[in-house]
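There are 2 protein chains.
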Amino acid sequence: MSAAASTPAYRRLSVEERRAQLLDAALSLFAHRAPEEVSLDDVAEAAGVSRPLVYRYFPGGKQQLYEAALRSAAEELRHCFDEPHVGPLLPRLARAVDRYLAFVDEHDAGFSALLQGGSVVETSRTTAIVDGVRRAAAEHILSHLGVKDPGPRLRMTVRVWITAVEAASLIWLDEDKQPPVAELRDWLVEQFMAVMAVTAVRDPQTAALVERVLSAQDG
Amino acid sequence: MSAAASTPAYRRLSVEERRAQLLDAALSLFAHRAPEEVSLDDVAEAAGVSRPLVYRYFPGGKQQLYEAALRSAAEELRHCFDEPHVGPLLPRLARAVDRYLAFVDEHDAGFSALLQGGSVVETSRTTAIVDGVRRAAAEHILSHLGVKDPGPRLRMTVRVWITAVEAASLIWLDEDKQPPVAELRDWLVEQFMAVMAVTAVRDPQTAALVERVLSAQDG
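Chain order of the listed sequences is A and B.
Numbering-wise (my numbering), the first sequence opens with residue 24 and increments by one.
Numbering-wise (my numbering), the second sequence opens with residue 24 and increments by one.
Treat the hints with care, as some may be off.
Copies of the same chain look alike in the list, so a pair counts if it fits in one copy or across any two.
[What the hints assert, rightly or not] SDA-like mimics (lysine to any residue), calculated; alpha carbons at most 25 Å apart, straight line:
no., residue 1, residue 2
1, Lys171, Asp199
2, Lys200, Thr186
3, Lys85, Ala117
4, Lys200, Ala217
5, Lys85, Ala231
6, Lys171, Trp195
7, Lys85, Arg41
8, Lys200, Asp172
9, Lys200, Ala91
10, Lys200, Ala220
11, Lys200, Pro227
12, Lys85, Leu165
13, Lys171, Glu60
14, Lys85, Arg148
15, Lys200, Arg157
16, Lys200, Val153
17, Lys171, Arg94
18, Lys171, Glu39
19, Lys171, Ala223
20, Lys200, Leu50
21, Lys200, Leu113
22, Lys200, Phe126
23, Lys171, Leu193
24, Lys200, Ala97
To be clear, the hints were calculated from the coordinates, so they are not data collected in a lab.
Construct the entire structure; sequences and hints are all you get.
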């Protein structure tokens with residue numbers, strides 16, 4: 024038996040690859056179970072490695088692994104908002120919401136656990152990671168709207184709509200993913216325009232944006 | 024010196040009165056500071072009693088006191104929804120939102136800490152208390168709408184709007200209570216009609232409700 028053959032395949036991964044592999048394994052476990060129901064043994068088993076190896080990469084144990092997995096999920100969520108600044112605005116928003124809902128669909132229970140808090144491993148650090156994604160989403164929307172200096176009414180409208188998207192996603196998971204995802208997406212995009220229109224009544228900045236979006240739609 | 028004079032006034036309170044007094048003191052502390060920044064000493068001092076007395080009433084210590092204060096706040100929040108089933112619907116909703124925002128205004132940082140989680144004393148039990156208030160709010164709205172058997176689209180619309188109200192309240196506190204509370208209330212009520220109207224496009228049950236609310240407005 025040669026030395027190479029006796030070496031398990033996983034030895035050949037680089038540190039970065041190994042780390043990514045462990046995070047993937049953890050993410051897919053967190054995706055289907057609440058963090059408190061996932062043990063390091065489960066992660067080791069899912070990745071096909073030993074428990075000590077998981078500890079070598081994440082000496083802080085489960086809390087550290089959970090936070091790293093959360094950061095990696097947050098990174099993935101941020102990519103949902105990577106939408107080129109071309110074409111009419113509402114279809115851009117629809118595509119971003121589509122990618123977001125695909126993430127929700129894929130990560131399922133892990134997404135709920137992540138957003139609903141109440142998890143035993145929830146800390147102000149993990150809350151900050153989730154808040155960072157919300158802030159990034161708001162900034163993306165404002166940049167697509169072409170707004171440099173959003174007033175408080177416009178900011179509140181965008182932030183409240185982002186919360187509505189989160190809440191709708193959680194309820195959608197709760198309701199066995201009904202209505203169909205395409206309907207949910209259209210409903211959310213239409214809601215965005217509806218709440219913007221409500222704000223427009225009192226806020227000239229928002230009124231100008233609504234006008235612009237609607238005229239681009241017609242064009 | 025008579026025996027009566029040497030007995031501190033607080034000895035004369037009944038068990039229930041004492042408990043209520045301690046909860047009041049705790050609530051007003053939690054209202055201005057995050058739960059983790061409030062100690063039992065602070066509560067004893069605010070209520071003008073000794074620390075052992077606080078422990079006698081809440082032997083579970085701060086966690087028990089926090090949960091009891093949370094339940095008491097939840098009870099108070101539920102009263103915001105006590106609106107007679109008379110008159111046009113939107114003014115009823117406006118009055119309920121008014122009371123809710125008055126609660127938010129009064130409890131301030133305690134309200135944020137309560138809803139935002141991330142507190143060190145947050146547990147699945149405290150999350151359940153907050154969720155109970157959300158459910159009660161949704162049931163109140165559906166009963167005012169006169170709906171016995173709400174479909175999934177209507178339920179989602181009402182629940183998402185309730186989350187939007189919470190999010191807007193938190194942002195409003197963050198933004199030094201701007202815009203003025205009356206504007207925030209009108210904006211939230213108008214948002215309710217706007218998101219109901221969006222749902223009405225696809226949901227006959229919601230469409231019938233919107234029709235009825237609008238015709239009552241005209242009448």
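Against the structure, the hints:
In the homo-oligomer, the alpha carbons of Lys171 and Asp199 lie at most 25 Å apart only across protomers (22 Å), although the nearest pairing inside one protomer, at 39 Å, exceeds that limit. For a Cα distance limit of 25 Å, the shortest separation of Lys200 from Thr186 qualifies both inside one copy, at 18 Å, and across copies, at 19 Å. For the homomeric pair Lys85 and Ala117, neither the shortest alpha-carbon distance inside one copy (36 Å) nor that between copies (47 Å) is at most 25 Å. For a Cα distance limit of 25 Å, the shortest separation of Lys200 from Ala217 qualifies both inside one copy, at 24 Å, and across copies, at 24 Å.
Taking the shortest Cα distances, Lys85 and Ala231 never come within 25 Å of each other, neither inside one copy (49 Å) nor across copies (51 Å). Taking identical chains as interchangeable, the C-alpha atoms of Lys171 and Trp195 lie at most 25 Å apart only when they sit on different chains, with a minimum of 21 Å there against 33 Å within one chain. In the homo-oligomer, the alpha carbons of Lys85 and Arg41 lie at most 25 Å apart inside one protomer (17 Å), although the nearest pairing across protomers, at 43 Å, exceeds that limit. Taking CA atoms no more than 25 Å apart as the test, Lys200 paired with Asp172 passes between copies only; the shortest distance there is 20 Å, against 37 Å inside one copy.
In this assembly of identical chains, Lys200 and Ala91 lie within 25 Å of each other by CA distance neither inside one copy nor across copies; the values are 28 Å within and 36 Å between. Taking CA atoms no more than 25 Å apart as the test, Lys200 paired with Ala220 passes between copies only; the shortest distance there is 22 Å, against 28 Å inside one copy. Taking CA atoms no more than 25 Å apart as the test, Lys200 paired with Pro227 passes between copies only; the shortest distance there is 20 Å, against 38 Å inside one copy. Proximity of Lys85 to Leu165 under the C-alpha cut-off of 25 Å is found in neither arrangement, the shortest distances being 36 Å within a copy and 42 Å between copies.
Taking identical chains as interchangeable, the C-alpha atoms of Lys171 and Glu60 are never at most 25 Å apart, the minima being 44 Å within one chain and 37 Å between chains. For the identical chains of this complex, Lys85 and Arg148 are neighbours both inside a copy (14 Å) and across copies (23 Å), given an alpha-carbon limit of 25 Å. For a Cα distance limit of 25 Å, the shortest separation of Lys200 from Arg157 qualifies both inside one copy, at 22 Å, and across copies, at 21 Å. Taking the shortest alpha-carbon separations for Lys200 and Val153, both the intra-copy value of 22 Å and the inter-copy value of 24 Å come in at or below 25 Å.
With identical chains, the CA atoms of Lys171 and Arg94 are never at most 25 Å apart, being 28 Å at best within one copy and 43 Å at best between copies. In the homo-oligomer, the alpha carbons of Lys171 and Glu39 never lie at most 25 Å apart, since the shortest distance is 38 Å inside one protomer and 56 Å across protomers. Taking the shortest alpha-carbon separations for Lys171 and Ala223, only the intra-copy value of 17 Å comes in at or below 25 Å, while the best inter-copy value is 34 Å. Taking CA atoms no more than 25 Å apart as the test, Lys200 paired with Leu50 passes inside one copy only; the shortest distance there is 21 Å, against 39 Å between copies.
In this assembly of identical chains, Lys200 and Leu113 lie within 25 Å of each other by CA distance solely inside one copy; the values are 23 Å within and 31 Å between copies. With identical chains, the CA atoms of Lys200 and Phe126 are at most 25 Å apart within one copy only, with a shortest distance of 13 Å there and 34 Å across copies. In this assembly of identical chains, Lys171 and Leu193 lie within 25 Å of each other by CA distance solely across copies; the values are 24 Å between and 31 Å within a copy. Taking CA atoms no more than 25 Å apart as the test, Lys200 paired with Ala97 passes inside one copy only; the shortest distance there is 22 Å, against 30 Å between copies.
In summary, the numbered hints that this structure violates are 3, 5, 9, 12, 13, 17, 18.
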